[in-house]
Amino acid sequence: MKRFARETSRWCALGLLAVLGLACSAGPKMRPSEATDVANTQPVLLSLGAPTAETVPASVSGTPQTLQLEVSRIDNPTRQAFSIAVSFMAAAPIMIGSVAPYPPDQPARLTLLVPPAAQAAIAATQPPRFRVSLQPVANDRPLVAPLQISVSLLALGPG
Amino acid sequence: MSIEIGRRAFLRGTSLGTASLALGSCATLQQCQQQIANRPTRRNIDTLAANDPILVAYRSAITQMQALPSSDPRNWTNQAQIHLNHCPHGNWLLLPWHRAYLFYFERICRKLSGMADFALPYWDWSQNQHVPSAFWPPSAGSLLDSNRAATSASTISTSLVGPGVLDPILNDPNFLTFASGSIAATDDQRAPAAAGPLEATPHNHVHGFVGGDMGAYMSPLDPIFWTHHAMLDRCWAEWNITRNHPNTNDSAWTNRKFTDFCDENGNPVEVSVIETVLYPIFSYQYDTPIPPLAPRGARVAEPTIVGNSKTQQDAVARVVQAGATLRIDSVANFAAAAPLQATLAAPARASVAVNRDLVQRALATDGQRVLLTLGGATINHTQDFYVRVFVNRATPATTATPDGDPSYMTSFSFFGHDHTGAGDGTGAFKLDATTVLRKVGLTSDRVQVDLVLVPFEGRTPQTQAFSARTIQLDVVKDVINQPT
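If you read the sequences in order, they're chains F and E.
For the first sequence, counting from 1, position 111 maps to 111 in the working numbering; every step adds exactly one.
For the working numbering, count along the second sequence from 1 and bump the result up by 1000.
Same shape as in the complex, but just chain E:
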């Protein structure tokens, strides 16, 4: 009896019926916690050898699904037809619908392959711009789709799917742009709104790049589909959980129900959107977070790592389920009159004319921030140096100025995006200047920004200078209504 109470109490504590799906048959509280802690891990397919048990199981499951009779809803073609007939695109149901679709597909694979902890691998196209080798002979087996337009030599540009594209998307705090546009509760789930940047750019481009089945709504016929959408799902988990951006709490979204899927036994299931937000906490996890390109200025919250204790999991689940209503209002923008270039030998200073009263009011107001944006910035310095930023120092910062100086704001570096960014060899860095400005204050109608380049030890820099075409201070107001 106490065992049952413990389990029920656990489920009640997490306030989710969906936890029972994730927990399966665990009997005790301890077993449930253990099961969550050991939940299956979705791994980068490029890290898996051809004979890795995950790929062996994936190939086996697909082969068996292809052999199932057409009367079985788990049949390979039937699974693809779920997508053909029901998939929402161009609205905010894209992410939860596909998350649920993958969730049940993964369970089918688990059952048919006999691998109890099977988890779908994902294709991280932000790092690998080729169709992964697992999908090509000689090892592909059932992972091959002969209809593909792409070949093993085809490359998709990083300007469409690279980290320079993905990182700004993941830093966008606005659910309505990140997750595609809203539709009403009474709208058909396929009603068009507007595809957000995640959908319109990497999602759509990858579908088209692979081509063939992947280029149409029968795309799940290509096993790549499931790894592509696992990556999309990883992006959402990263955005929501790791980077702390809240989903909407609009009931038109949270209460939407999907009835298009079947479970591992072929039985129809019903799942609501609010359940899907918990899957990455209780049902599976991703092997690695998506590394940010630079310190994030657009959000100040600390990243969240889901721990394995009940308290930690409950806390994250509550936040993720609660969502928020949010808005970022621009209050004012101030730009430096000239571009800026710093070299390893010579730090540089930009001077931005501002409305002092307005900025001081913002700094004194909760919910307002001052963001520093270095735009049109050179980014091909991954192996060479990082950049330290100082604000409103009485005298220009030098290479000897320590990080402990009150005017030290932050530093940023470059991450393998020599050919990404804005597509013209440049990128932008948005940094939060609020804390340092509150500390050092404004003594005039100008804000001084110093950049000091710091070379990496033991390397011979290939580049010597960092430049930014625009230096801008944005005063913004966060309107985030997150339930407590």
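For reference, chain F alone in the conformation it holds in the complex:
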């Protein structure tokens, strides 16, 4: 979170100009003052034994147009390709999308666009819960152990 706050601060450095009555002109930024911590979320661990978990974003603000994930640790000695699918947990789960790190043992921050169809439902849910799951990338290459990743949802907010 601290790192994220640093980034958003940098992104919106021009926001300081608002004090002078000028608009922030630096792209669509997460405004720290609008972000709320909805939970002190710990990363969830996904493995072949437990390929699915539910979690909530650490930060929620504004229109939920993007969802940022962090894959903070990857135990993948064979460097097999895997995908992380993310769904919003509504009465009927809504698929948000899938991401993958590259290379497949490289921790990364990854961004998904939230489909417009899901935005209203997500905005109406506090806190919004998401399901993350490990999936293979190729039809003929099932995942094999050992494979364990730590993933957390960093931020849900405007683009």
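No lab work stands behind these hints: they were computed from the structure.
Note that CB positions come from ideal geometry on N, CA and C, so glycine has one too.
One should not assume that every hint holds.
[Unchecked claim] In silico negatives: residues of chain F with every beta carbon more than 12 Å from chain E:
1. 49
2. 53
3. 127
[As the list claims (entries may be wrong)] What the simulated footprint calls covered on chain F by chain E, stretch by stretch (three residues with Cβ under 8 Å from a Cβ of chain E suffice, anywhere in the stretch; the number is not a length):
4. 81–87
5. 109–122
6. 133–147
[What the hints assert, rightly or not] If you want a taste of the chain E side facing chain F, the calculated C-beta under 10 Å gives, among others:
7. 1136
8. 1150
9. 1155
10. 1156
11. 1194
12. 1329
13. 1373
14. 1375
15. 1469
16. 1476
Since chain F is already given, all that's left is putting chain E on it; use the hints.
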């Protein structure tokens, strides 16, 4: 003398030093224009026969690069090590760095193969979810990489790379999400920010899908790499030039310089990001645009086709180089209370309760728009029908209501994405309702949306109904600061 002045004036007119790279040795203004008009075309590899001159040249160039001594920077392994040691990922340098990398690699291929107009082919994984046949025996030759995890039978899901995934990415007007996150001018070029959807989803998945060398930072050892990144580059060109989304004008991005590459003679080169944005205008072109899945509502600007006159090229170059600072702010959202289903026999109407004053203010305000989003929509109707949309008609629209009716908003259709979309067999259509609402106005606190299905002539529809789980009106404010 006049010849030289003409050429210099041309270069000055385009305000780019990089044009000289694209133009090479052309001597006159006319020759320069001719050279740009005939710039090499990057073609879909799936459209090329095994003996196509492009593939023959590509195989030949790779074979020769593999044979170069390790002291030569153009050596095949040395080229891959450029990527290993310098490639930025997870930040907004991903696209310009790889564009420059391909640009110089392409020049090396051109020189070694002897094909003066050689252009890298691209693998359109949004349309072909298998590694293209050109990379497999019997014709592969040097295009084969025996380390691949994928086989010729492997398939990557359209839910990871298909048009239903790509189209929303290409319609995202926000450079900072499209092109991955920002880093500071003082940051190392490999400093991590956040991978945007283009990088995190199709880019990364394809690397992993092919696997082997492609799954690691020595990925350029697999000739697939260059065609994969040509497709990524095509996406950026499509997004920036054809779909008119501006790059950022942040100097931390535009002024960044890369010194990691060598030219076709093995000499080191320096290239800045702002130069790379012009490559697809002056140095090469793509054979076809990427067709949108539906009429785009998120942007109202007309697509840009780069013409061949100096005036046209200058205009596009200026816009592309200028970039913009931008933001889309959500002002309000209004959703219908119930889902909607229309059939070929029975059009349907949704009623969305809105704050009339707020919507009217938005319609009267420059820079604000009202977007209609049909979410959770069925999409398996490619061969069956298209959908006409009417807004705020006094009486519900019927199959007989003409497109000339004032309440006619637009129509949308389906494009080969039966198994794409949100992954559950549905998709979303975001349409711009601003113009029609300005025309017909709001007479109450409700906006009426009529959907009329129109079957294609001469076909027997396999599906009869279109439905959307959510019908939403979004009032948004565009904040796009584009230099004039």
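Status of the hints after comparison with the structure:
1. Every Cβ of chain E is farther than 12 Å from the Cβ of residue 49 of chain F; the closest lies at roughly 21 Å, confirming the non-interface assignment.
2. Residue-level check passed: residue 53 of chain F sits 18 Å from the nearest beta carbon of chain E, beyond 12 Å.
3. Non-interface status of residue 127 of chain F relative to chain E is upheld: no Cβ of that chain comes within 12 Å, the nearest being about 19 Å off.
4. With 4 residues bearing a CB less than 8 Å from a CB of chain E, the region 81–87 of chain F meets the requirement of three and the coverage assertion stands.
5. For the region 109–122 of chain F, the assignment as covered by chain E holds, since 12 residues bring a beta-carbon within under 8 Å of that chain's beta-carbons and 3 suffice.
6. Under the rule that three or more residues need a Cβ within less than 8 Å of chain E, the assignment of the region 133–147 of chain F holds, with 5 such residues.
7. Interface hint status for residue 1136 of chain E: violated, as the beta-carbon distance to the closest one in chain F is roughly 15 Å, over 10 Å.
8. With a cut of 10 Å, the hint placing residue 1150 of chain E at the interface with chain F holds, because the nearest CB-to-CB distance is about 6 Å.
9. Annotation: residue 1155 of chain E was flagged as interfacial toward chain F, and the flag holds, the nearest CB pair being 4 Å apart, inside 10 Å.
10. Taken as an interface hint, residue 1156 of chain E checks out: its beta carbon lies about 6 Å from the nearest beta carbon of chain F, inside 10 Å.
11. Checking residue 1194 of chain E against chain F: minimum C-beta separation of about 4 Å stays under 10 Å; hint holds.
12. Checking residue 1329 of chain E against chain F: minimum C-beta separation of about 8 Å stays under 10 Å; hint holds.
13. For residue 1373 of chain E, the shortest C-beta to C-beta distance to chain F is roughly 4 Å, which falls under 10 Å, so the interface hint holds.
14. Because the closest C-beta pair between residue 1375 of chain E and chain F is about 2 Å apart, less than 10 Å, the hint holds.
15. Using the Cβ-Cβ criterion of 10 Å, the hint placing residue 1469 of chain E at the interface with chain F is satisfied: the shortest such distance is roughly 7 Å.
16. The criterion of a C-beta within 10 Å of any C-beta in chain F is met by residue 1476 of chain E, whose closest approach is roughly 9 Å, and the hint holds.
Of the numbered hints given earlier, the model fails hint 7 alone.
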